[in-house]
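S.K.: Sequence:
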Amino acid sequence: MEIVRHEFECEKPKLLRDISSLQEENYQL
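Just so you know, we're using the UniProt record's numbering here: the sequence shown kicks off at 1 and counts up by one.
Watch out, some of these pointers could steer you wrong.
As the list claims (entries may be wrong) - Below, computed lysine to aspartate or glutamate pairings styled on DMTMM-like, alpha-carbon distance capped at 20 Å:
| id | residue 1 | residue 2 |
| --- | --- | --- |
| 1 | Lys14 | Glu24 |
| 2 | Lys12 | Glu2 |
| 3 | Lys14 | Glu25 |
| 4 | Lys12 | Glu24 |
If you're looking for bench data, these hints aren't it; they were derived computationally from the structure.
Please model the complete structure; the sequences and the hints are all you need to start from.
M.R.: Structure (structure tokens):
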């Protein structure tokens with residue numbers, strides 16, 4: 001269980017970065 005949480009913590013910043021870049025692209029439209 002601890003491992004899953006650790007992987008999620010590692011993935012979260014990546015997901016947030018993807019979301020923010022998507023939002024930036026939307027602003028440019």
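S.K.: For each hint, tell me whether it holds in the structure or not.
M.R.: Going down the list of hints, with the structure as the test:
With a C-alpha separation of about 15 Å, the suggested pair Lys14 and Glu24 falls inside the 20 Å cut-off, and the hint holds. For the given pair, Lys12 sits about 15 Å from Glu2 by alpha-carbon distance, which is consistent with the 20 Å threshold. For the proposed pair Lys14 and Glu25, the alpha carbon gap of about 17 Å is at most 20 Å, so the pair holds. For the suggested pair Lys12 and Glu24, the alpha carbons sit about 18 Å apart, so the restraint of at most 20 Å is met.
The structure is consistent with each of the numbered hints, conforming to all of them.
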